[in-house]
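Start from the sequences and build out the full structure, keeping to the hints where you can.
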Amino acid sequence: MLAFLRDEKIRGVIYQIVAIVLFMAFLFYIAQNTSCNIERRGIKTGFAFLDATAGFDITESPISFSPASTHLKVFEVGVLNTLIVSFWGIVFSSLLGLLIGVGRLSSNWLISRLSALYIEIFRNIPVLLQILFWYNVVLATLPSVRQSIDIFGVFHINNRGLFMPSPIFGSGAWIVLAFFAAAVAISFFVKRWAHRRQDETGEQFPIVLFSLFVLILFPIVGYFVAGQPVEFDYPSLQGFNFKGGRSWTPEFMALLFALSIYTATFIAEAIRSGIEAVPKGQKEAAKSLGLSPLQELRFVVLPQAVRIAIPSIINQYLNLIKNSSLAAAIGYPELVTIFAGTSLNQTGQALEILLITMLTYLLISLVVSAILNWFNAKMKIKER
Amino acid sequence: MKKVLGLSIIAALSAVMVLDAGTLEDVKKAGILKCGVNTGLPGFSEADSRGRWRGLDVDYCRALAAVVLGDAKKVKFVPLNAKERFTALQSGEIDVLSRNTTNTETRDSALGINFAGVMYYDGQGFMVPKALGVKSARELDGATICIQAGTTTELNLADYFRTHNMKFKAITFDTNDQVNKAFEAGRCDVVTTDASGLYAERTKMKNPEKYLILPDIISKEPLAPAVRHGDDRWFDIVKWTRNALITAEEKGIGMKNVDEAKSKSNDPETKRLLGVEGDMCKNIGLDKECFYRAIKQVGNYSEIFERNIGSKTPLKIERGLNALWNKGGILYSPPFR
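Residue numbers (numbering that gives the first Met the number 0), protein chains in the order written: chain A, 0 to 383; chain B, 0 to 336.
It should be emphasised that the hints constitute simulated quantities derived from the structure, not laboratory data.
We put the beta carbon where it would ideally sit given N, CA and C, even for glycine.
Don't take each hint at face value.
Restricting the straight-line Cα-Cα distance to at most 20 Å, the calculated cross-link-like pairs of lysine to any residue (SDA-like) are [stated by the list, open to error]:
{"no.": "1", "chain 1": "B", "residue 1": "K168", "chain 2": "A", "residue 2": "P66"}
{"no.": "2", "chain 1": "B", "residue 1": "K166", "chain 2": "A", "residue 2": "Q237"}
{"no.": "3", "chain 1": "B", "residue 1": "K287", "chain 2": "B", "residue 2": "G253"}
{"no.": "4", "chain 1": "B", "residue 1": "K180", "chain 2": "A", "residue 2": "P66"}
{"no.": "5", "chain 1": "B", "residue 1": "K255", "chain 2": "B", "residue 2": "E305"}
{"no.": "6", "chain 1": "B", "residue 1": "K168", "chain 2": "A", "residue 2": "G238"}
{"no.": "7", "chain 1": "B", "residue 1": "K180", "chain 2": "A", "residue 2": "K43"}
{"no.": "8", "chain 1": "B", "residue 1": "K203", "chain 2": "B", "residue 2": "G309"}
{"no.": "9", "chain 1": "B", "residue 1": "K168", "chain 2": "A", "residue 2": "W247"}
{"no.": "10", "chain 1": "A", "residue 1": "K43", "chain 2": "B", "residue 2": "E83"}
{"no.": "11", "chain 1": "A", "residue 1": "K43", "chain 2": "B", "residue 2": "T105"}
{"no.": "12", "chain 1": "B", "residue 1": "K209", "chain 2": "B", "residue 2": "S135"}
{"no.": "13", "chain 1": "B", "residue 1": "K168", "chain 2": "A", "residue 2": "T58"}
Chain B stretches covered by chain A per the calculated footprint, using a threshold of three residues with CB under 8 Å from any CB of chain A [what the hints assert, rightly or not]:
{"no.": "14", "stretch": "61-72"}
{"no.": "15", "stretch": "209-221"}
Structure (structure tokens):
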């Protein structure tokens, strides 16, 4: 009767079933234990707290927030602030990383040494220390509100932040936008035409310069055609602080700076390994075609190198998003600081809040990695 | 397969232990009292240059250790910031929380903790640089204010500004030190916390004379030690240790004369307090001399107050509300009977 146990396959299946059952039983035990202990202590549970009034204020919020808002709103503000700093962090670290990564392989001794030095220094210092360092540097070097550094009377920098004008769109503002859209369309078609012409005749067209010119000129023309519909709200010193306009707080700047500088080192290394993985024959072929070093980089090396580097760059983007949670150290109001920090403390519902926070990070990371994986699959060299 | 097995083993190893209600037994077995204190608040809880903890909250821990374990030195101080404190208590990482914590309804009823008698009556105040030229909290409309995250301060502040229809910008940090560094660096115009905390923090500033504490007190902050909900025996011990320190002051018994009082006093309540008569300590599962030891080793409330925050210390805090009930304050202990 037990003959079937001698079958290795069946035995394997049985083992797996037993292991899974044990594991589930264990999880059940933990959950049971936790809820039992919580109940005995009289700790409040459930998600009703999300509708309760938060009662505290948040320094910077992209949506309107007041102490009378709910904890759910706190959560929303936290997620948005996390996304904002992550977005700008990804943009700046990519640009900086590309620059340093290419510079690392430059034939210019000074540039390549400086790039290497940059990478080795910032890659090897824990990012939390860098955040604290930049925050203290920002606070220590910038003047107080009344002595702010004034740039053309438009930008003001002091230890409360960077203050800049914000645009107020009037009724005809869509005309400016329409002009800009037209400029984009024109650039696109001219580029296609230039490509075709170059394929046929070999004549080149300064497409980059042309597009830049169109993209700047058109919105300006549109602005005057529509009768100057966009006005600017300039920040001005009133009472304790600057009012009006937009501002970046020192907390935001320090966090953004530290994350960008830190992550850029890894992106630079990814780019470098990508470039080095491009077969030597490709570069030699480019040279023998008479391409300049810049053209060689732009048309032959980088398109291949970036494809190789994309998977590891995706990892760095995900790391950056998760590292943004270190902002708790300097009080930038992102998800961990305000929701898993202040809200947790005011309501005392650690389990629920940490669960929500972890699931949120998981979701953000999964969405970002899904987008980038799709991009990766699209960009991959299609072997024919 | 291997992965699943591995996971189960890891999970099994990190299994959470069922916390039992018997904190007293646990403390006796461990031979040391784990006491949650502030990471650094002069006069209340601060490690000095030799690493020895000092302060009112710290001395309370010592008194409790003397009561329970017979030796005021048998305390392990666990420094906690405002955000960590309740989780540390709930999870059993500490046995008692003595960390300038305000007793509020929500905390008492929803966090699974109980507050055991007020050690210090406080209220929230504001500190500003003198150069700002502000004389009252009502002039603070539009100010940037530094606060510590996870405190009642944060909520009182929002309430106060809402009530008076004023606007403010709050910058929240994890620890006192970060709050004060940012304030000194000029990141904010105002720093707000319990008034005692403001006096304490001012002593730590580079130029204390440059800062002004506004006269306005905007809240009631009864600072009390806290224990886990559901362990009544332990709650009684913590509560009556505090009462013993206050009664000792009332009876004029301190570190120096406690032995004399024990052998000579004719006052029945003194006799009960010091374990000469009655079963005071036995009722809470300890030996007869438990309160005597606390007074002998740590002193009475007045001694603890004067040693840490009184007129001879840099903080120079008046007794005010914290004087005994028969001397103009509201400090009051139920009788030892």
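Verification of the hints:
1. Straight-line distance between C-alpha atoms of K168(B) and P66(A) comes to about 11 Å, which keeps the hinted pair within the 20 Å bound.
2. About 13 Å separates the Cα atoms of K166(B) and Q237(A), which keeps this hinted pair within 20 Å; it holds.
3. At roughly 18 Å between alpha-carbon atoms, K287(B) and G253(B) fall within 20 Å of each other, so this suggested pair holds.
4. In summary, the hint linking K180(B) to P66(A) is not supported, as the alpha carbons are separated by about 25 Å, beyond the 20 Å threshold.
5. Annotation: proposed proximity of K255(B) to E305(B) holds, straight-line Cα distance about 15 Å (limit 20 Å).
6. Among the hinted pairs, K168(B) with G238(A) is consistent with the structure: their alpha-carbon atoms are about 13 Å apart, no more than 20 Å.
7. Taken as a hint, the K180(B) and K43(A) pair is broken in the structure, with Cα atoms around 36 Å apart against an allowance of 20 Å.
8. Taking the CA atoms of K203(B) and G309(B), the gap is about 17 Å. The hint holds against a cut of 20 Å.
9. The suggested pairing of K168(B) with W247(A) holds, with an alpha-carbon distance near 14 Å, which does not exceed 20 Å.
10. A hinted pair counts as satisfied when its Cα atoms are at most 20 Å apart, and K43(A) with E83(B) qualifies at roughly 18 Å.
11. Pair hint K43(A) plus T105(B) holds up; C-alpha atoms about 10 Å apart against a cutoff of 20 Å.
12. Of the pairs offered as hints, the one joining K209(B) and S135(B) holds, with about 16 Å between alpha carbons and a cut-off of 20 Å not exceeded.
13. Of the pairs offered as hints, the one joining K168(B) and T58(A) holds, with about 6 Å between alpha carbons and a cut-off of 20 Å not exceeded.
14. Coverage of the stretch 61-72 of chain B by chain A is violated [criterion: at least 3 residues with CB-CB distance below 8 Å; count 0].
15. By the rule of at least three residues with a Cβ nearer than 8 Å to a Cβ of chain A, the coverage given for the stretch 209-221 of chain B is violated, with 0 such residues.
When the structure is compared with the earlier hints, violations turn up for hints 4, 7, 14 and 15 and for no others.
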